[in-house]
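Enquirer: Position chain X relative to chain U; hints supplied.
If you read the sequences in order, they're chains U and X.
Residue numbers for the first sequence follow UniProt numbering, so the first one is 1 and each next one is one higher.
Residue numbers for the second sequence follow UniProt numbering, so the first one is 1 and each next one is one higher.
Some clues are possibly wrong.
Identical copies go unnamed one by one, so any copy, or any two together, can satisfy a pair.
Claimed, not checked - Under the rule of at most 30 angstroms between Cα atoms (straight-line distance), these lysine-lysine pairs were calculated in the BS3-like manner:
hint : residue 1 : residue 2
1    : K168      : K57
2    : K93       : K111
3    : K111      : K239
4    : K230      : K168
5    : K159      : K176
6    : K57       : K111
7    : K29       : K168
8    : K209      : K93
9    : K91       : K188
10   : K159      : K230
11   : K188      : K57
12   : K209      : K159
13   : K91       : K159
14   : K237      : K91
By construction, these hints were calculated from the structure, which means they are not laboratory data.
There are 2 protein chains.
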Amino acid sequence: MQRLRTRSSKKVNCSNDFQRAKAMTEQPKITLHWLDHSRSQRIVWLLEELNLEYTIKPYIRTGGPRAPPELKAVHPLGKAPVLVVEYADGKEKVIAESGHIIAFLIRNFDKESLLTPDNTDAFDEVEYYLHMCEGTLQPVLTFLLVLNTAASRAPWFVKPVISSFVTKVFELYNYKEIILCLDFLETKLGENAAKLTASSQNLFFVNNKLSGADIIFALPVGEICIIGDKLSHLVDKSKYPHLVRWAHEIRERPAYLRAMEKTGQYEKPKEQEQE
Amino acid sequence: MQRLRTRSSKKVNCSNDFQRAKAMTEQPKITLHWLDHSRSQRIVWLLEELNLEYTIKPYIRTGGPRAPPELKAVHPLGKAPVLVVEYADGKEKVIAESGHIIAFLIRNFDKESLLTPDNTDAFDEVEYYLHMCEGTLQPVLTFLLVLNTAASRAPWFVKPVISSFVTKVFELYNYKEIILCLDFLETKLGENAAKLTASSQNLFFVNNKLSGADIIFALPVGEICIIGDKLSHLVDKSKYPHLVRWAHEIRERPAYLRAMEKTGQYEKPKEQEQE
Chain U
1 MQRLRTRSSK KVNCSNDFQR AKAMTEQPKI TLHWLDHSRS QRIVWLLEEL NLEYTIKPYI
61 RTGGPRAPPE LKAVHPLGKA PVLVVEYADG KEKVIAESGH IIAFLIRNFD KESLLTPDNT
121 DAFDEVEYYL HMCEGTLQPV LTFLLVLNTA ASRAPWFVKP VISSFVTKVF ELYNYKEIIL
181 CLDFLETKLG ENAAKLTASS QNLFFVNNKL SGADIIFALP VGEICIIGDK LSHLVDKSKY
241 PHLVRWAHEI RERPAYLRAM EKTGQYEKPK EQEQE
Chain X
1 MQRLRTRSSK KVNCSNDFQR AKAMTEQPKI TLHWLDHSRS QRIVWLLEEL NLEYTIKPYI
61 RTGGPRAPPE LKAVHPLGKA PVLVVEYADG KEKVIAESGH IIAFLIRNFD KESLLTPDNT
121 DAFDEVEYYL HMCEGTLQPV LTFLLVLNTA ASRAPWFVKP VISSFVTKVF ELYNYKEIIL
181 CLDFLETKLG ENAAKLTASS QNLFFVNNKL SGADIIFALP VGEICIIGDK LSHLVDKSKY
241 PHLVRWAHEI RERPAYLRAM EKTGQYEKPK EQEQE
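Just chain U, same shape as in the assembly (with noise of 0.2 angstroms):
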């Protein structure tokens, strides 16, 4: 377990503890329920764009691509992330999903509008690309990694014939939806892009705001499919321009590098990686 403290844009020694407690009144007590290569990294970038104060709780994977059952003692479906919100009334509120807790951490810890969408239309905007994220595209990537990992373990003997059975269902069905899914995202991003009015800004996926959809979106679609190689035989990343300066863009934030760096050691080594 690590204490994590930064309350400003700008990094806070809270070592007097003064400071610390009054910035303890001023929220209450968040804790991140973390699993190694999951879902969970994005939320620990959100919670640091937010400046909040947090704690995280790590969990380990030691039996191949399954979440440690530990979890299931903090929500019962035994999934990562969970947040665990305990307010001053000793009222305590376990939130999971990441569309969700995305959702939850801006509705309610957004006191600067830093992720907040502007009006309404982007607040629906934002929604729904929660939704479509976890709903569409993060299941058709859940399925490649459980389906590669049942084939990986199917006997010697049989092993051509799953393999090539697996190869159809993602050439029919997989394959499709993502690059169907990336070229729907790389449109709205060059639409975007169009709209910059500096040369300097940044390209986010609503308005040109950072919010819930470009923490959303950092896992499936900046990790997995541009910037790791795990899909690179399918993605094509030169048809892709807006989506790779955006992944890019969002990996050189402040709060992102923060992110990585209070989490980096508790990751395995990258060969023994689930995502």
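Expert: Frame of chain U, contents of chain X only:
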């Protein structure tokens, strides 16, 4: 295309032009792009519960489980349901993703607070279920359908190997996830059942008041896992008395029945069904 008219909880005969014109000035024009045997039907149910005036634009599957390509003209991802809302000032909003459509409709059109949560905790709980249903439960069910369809099309000489592989994937992954979700939801409804104060009251997921949670679960929990027989080898209904009660209670609601009646004409015969 079919014009449907239900402005109050009782059926209203809007054959009177004045009445209809009045109704149209009260709400924007709502069109639901609806696909047979898809996630669309529960949106019809919600529109009926909200007593809204709306038009259904039906699409019928013709070549297997995929949605017809015309849907891409409505929304680039080409899925159903999609809601199109046309406002009096000419503005048009295209709303996709079931969870988002449900939240959007309740947020904007539930003037009598029929489905609006009574407090912030209930609101957060409904939001959680909207995300959990589409981000956790539904993908595992969709994955079952995709893999079963692909396996059924394998050449006869590899079919036994493929069937055995697919069954193993289901046992190791999908079935566990489905049971985990059903157990979790059964526990929740069991707690709610204990809070009912009159035997005549109905059981709902959040505070025993109808909400977006009941609407979203109507398909994967109600129709697929509890009412339907495709998963009867997996789902022992005697273990889920509260889910069974809830699934039957929602199906008896007048709005649910009206929704079924209104779309029944578009459904293909049962033997060609795709979920």
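Enquirer: Each hint should be assessed against the structure and marked as holding or not.
Expert: Results of checking the hints against the structure:
Proximity of K168 to K57 under the C-alpha cut-off of 30 angstroms is found in neither arrangement, the shortest distances being 40 angstroms within a copy and 33 angstroms between copies. In this assembly of identical chains, the alpha carbons of K93 and K111 lie at most 30 angstroms apart whether taken from the same copy (19 angstroms) or from different copies (28 angstroms). Neither within a single protomer nor between protomers do K111 and K239 lie at most 30 angstroms apart by alpha-carbon distance, with minima of 38 angstroms and 46 angstroms respectively. When the C-alpha separation of K230 and K168 is checked against a cutoff of 30 angstroms, the pair qualifies both within a copy, at 17 angstroms, and between copies, at 25 angstroms.
For the identical chains of this complex, K159 and K176 are neighbours both inside a copy (24 angstroms) and across copies (24 angstroms), given an alpha-carbon limit of 30 angstroms. In this homomeric assembly, K57 and K111 come within 30 angstroms of each other (Cα to Cα) only inside a single copy, at 25 angstroms, whereas the closest approach across copies is 42 angstroms. For a Cα distance limit of 30 angstroms, the shortest separation of K29 from K168 qualifies neither inside one copy, at 48 angstroms, nor across copies, at 43 angstroms. Within a single copy, K209 and K93 get their C-alpha atoms as close as 29 angstroms, and across copies as close as 20 angstroms, so both meet the 30 angstroms cut-off.
In this homomeric assembly, K91 and K188 come within 30 angstroms of each other (Cα to Cα) only across copies, at 19 angstroms, whereas the closest approach inside a single copy is 41 angstroms. Within a single copy, K159 and K230 get their C-alpha atoms as close as 20 angstroms, and across copies as close as 29 angstroms, so both meet the 30 angstroms cut-off. Taking the shortest Cα distances, K188 and K57 sit within 30 angstroms of each other only across copies (26 angstroms), while inside one copy they are farther apart (36 angstroms). In this assembly of identical chains, the alpha carbons of K209 and K159 never lie at most 30 angstroms apart, being 48 angstroms within a copy and 51 angstroms across copies at closest.
For a Cα distance limit of 30 angstroms, the shortest separation of K91 from K159 qualifies neither inside one copy, at 53 angstroms, nor across copies, at 55 angstroms. Taking the closest pair of Cα atoms, K237 and K91 never come within 30 angstroms of each other, the shortest separation being 47 angstroms inside a single copy and 35 angstroms across copies.
Of the numbered hints listed earlier, those contradicted by the structure are 1, 3, 7, 12, 13, 14.
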